[in-house]
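**Student:** Please model the entire structure based on the sequences and the hints provided.
Residue numbers (this note's numbering), protein chains in the order written: chain A, 1 to 453; chain B, 454 to 584.
I should point out that these hints are in silico values taken from the structure, not numbers from a laboratory. Not one of these hints is a red herring.
With a cut-off of at most 20 Å between alpha-carbon atoms, the simulated EDC-like pairs for lysine to aspartate or glutamate come out as follows:
#  : chain 1 : residue 1 : chain 2 : residue 2
1  : B       : Lys542    : A       : Glu64
2  : A       : Lys38     : A       : Glu48
3  : B       : Lys542    : A       : Asp119
4  : A       : Lys146    : B       : Glu562
5  : A       : Lys114    : B       : Asp540
6  : A       : Lys429    : A       : Glu376
7  : A       : Lys62     : A       : Asp119
8  : A       : Lys130    : B       : Asp540
9  : B       : Lys542    : A       : Glu72
10 : A       : Lys62     : B       : Asp540
11 : A       : Lys130    : A       : Glu56
12 : A       : Lys114    : B       : Asp467
13 : B       : Lys477    : B       : Asp467
14 : B       : Lys477    : B       : Asp464
15 : A       : Lys114    : B       : Glu545
16 : A       : Lys193    : A       : Glu227
17 : A       : Lys130    : B       : Glu545
18 : A       : Lys62     : A       : Asp236
19 : B       : Lys500    : B       : Asp482
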Amino acid sequence: MNDKLYRKVEEADELNKTLEKRIADRTWELEISNHNLKKEVFERQKAEAEAARSREEQLRLKGEFLSHVSHELRSPLSVIHQFTTILLDGLGGALNGDQRDYLEISLRNVNQLKMMIDDLLEASRAETSKLTVRRSSVSTTDVAAKVVQSFRAAAKEKGIKLKIDSIGELPPIYADPGRISQVLTNLLDNAIKFSPPDSVVTVRMEVFADDPAFVLISVTDCGCGIEPEHAERVFDRLYQVEGALQESRRGLGLGLYICKELIGLHSGAIWVNSKSKRITGTTVHFTVPIFTIHALIAPIVVQDGHLAFSIILLIVEARPTTPWQSEHHHEQMLNKTYQILERCLLPDLDVLLPVQNLANADFFSIVARTDQHGSEVMLSRIRDQLAGNPGLQSAGVRFSMASEVLDIAEIGREGPLDQCIARLAADLKERLRMKITNGAQHDDGKEIIAHRR
Amino acid sequence: MTGKKLLLIEDDKDTVRAMAVRLKSQGYDLVVASDAISAISTARKEKPDLIILDLGLPGGDGFVVIDRLRSNCELMTVPIIVVSARDPKYNEPLAIQAGAHAFFQKPFETTDLLSSILDALNPSPAIRRER
Chain A
1 MNDKLYRKVE
11 EADELNKTLE
21 KRIADRTWEL
31 EISNHNLKKE
41 VFERQKAEAE
51 AARSREEQLR
61 LKGEFLSHVS
71 HELRSPLSVI
81 HQFTTILLDG
91 LGGALNGDQR
101 DYLEISLRNV
111 NQLKMMIDDL
121 LEASRAETSK
131 LTVRRSSVST
141 TDVAAKVVQS
151 FRAAAKEKGI
161 KLKIDSIGEL
171 PPIYADPGRI
181 SQVLTNLLDN
191 AIKFSPPDSV
201 VTVRMEVFAD
211 DPAFVLISVT
221 DCGCGIEPEH
231 AERVFDRLYQ
241 VEGALQESRR
251 GLGLGLYICK
261 ELIGLHSGAI
271 WVNSKSKRIT
281 GTTVHFTVPI
291 FTIHALIAPI
301 VVQDGHLAFS
311 IILLIVEARP
321 TTPWQSEHHH
331 EQMLNKTYQI
341 LERCLLPDLD
351 VLLPVQNLAN
361 ADFFSIVART
371 DQHGSEVMLS
381 RIRDQLAGNP
391 GLQSAGVRFS
401 MASEVLDIAE
411 IGREGPLDQC
421 IARLAADLKE
431 RLRMKITNGA
441 QHDDGKEIIA
451 HRR
Chain B
454 MTGKKLLLIE
464 DDKDTVRAMA
474 VRLKSQGYDL
484 VVASDAISAI
494 STARKEKPDL
504 IILDLGLPGG
514 DGFVVIDRLR
524 SNCELMTVPI
534 IVVSARDPKY
544 NEPLAIQAGA
554 HAFFQKPFET
564 TDLLSSILDA
574 LNPSPAIRRE
584 R
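**Tutor:** This is the structure we're talking about:
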């Protein structure tokens, strides 16, 4: 019995040893295979990094090449452009109708070529993340009106009516006006190109119903529309809808790609509606964020607690010496003052906030990205401009001003920026009112300048 | 006729010819320098009312010419308008910083250049960017 048991134990021992050996062998095999896998992963990662580096290098070389080529192409193009306009302006002698027509065709094509060169460069910048935007507070209506105006002649020639629809009160947007013009120019150029004669192209602007922090701008034409399968892809690089009108061949297929990149840099979106039973023609929509004081100041605040600029709040108070003759009269004074103040600002750095009426006085607030010295320059400029305006002086308006450096560190502690600015503005207004009530330093035609750090 | 004297610093003969036709038609007197070295001596000799400057020049870059003009006490106030094929994204701020009145990229709209010349020759009491 004991022998039997002993044998069984030995067998179990043997089995155990075999099993352990097999496990050790398998572990070893697994370790080798694991090592090989790791090596393979490492090699692949290395190859991928190498490929990425090489891709970047290729893009950089391509960018340099395009920049060089575009520079070399521009100079002769400029000479053709100059002599064509010299002839069209009659500086080379009188032209007959045919000659004028031919020269106008030349000029149109020169401009087309110039746009293509611009597009090539912009697309190459987009690929290497070198597209830049300089954002400030911008009136959508102004930008759109200027772009639409520049297309009036081209549209009229094709018998196309250009329409601007501005829905409701439009707040200013936080955008690079040059870039938004570039996007709108591209969309309108396409819209006019694809629209049949005697049709309408509309630019519509409104606060975006789905997200009221954005303005929605839409360009609608009466062209052949875009099939659903192309609707997404029209924003791809070099994409052109096959079988589209002959006219479309004039572009490089980069325009909408650049638009998408530019709108992306503005944190907006761009899309196109596709053809359906209900929809004819094409509408391209894009969104741009509405301007807020936060948007202006946020980039300065987040720079590692290190401020690129200081921020000044300036208040200008306008108070009538005698009651207003009429509401119209009051309104005129407000508009005049607003225009003068706007001329004293740097649009990409300063913001004029909406006018506030308090205790029979009007308060204009300016948030300016500058320092104490800059605010003094601004205040003296504003004072000169207001004092030099005969209309305002004869209307019997007294102006007083105050400025204060905004403490960014405190803003962080005190909650929302807009609230903090409102509180400081109220404080400044109160101090202005106190000085006027005390009457000590105020004479007609002179204004109080109060500074406080 | 304005009788104002403009110095065009430009090495491309065809561009010079086109600019000459356009500027003379507006009543300007035109003198031309075709490289960076003769640009300074011509400017000293001719004392122009305004300078139109290309950036890519034989004998030295246009920016060097701006620096030289700006450091000469006789010429430091003469307005300079840069007309170049180079990318305005990088070169325009550089030119304005160096003291140019305006920057135009080739091809440019003639009317824009002409009104900029008028503006530089007759500065309005408009607000300047002091900050």
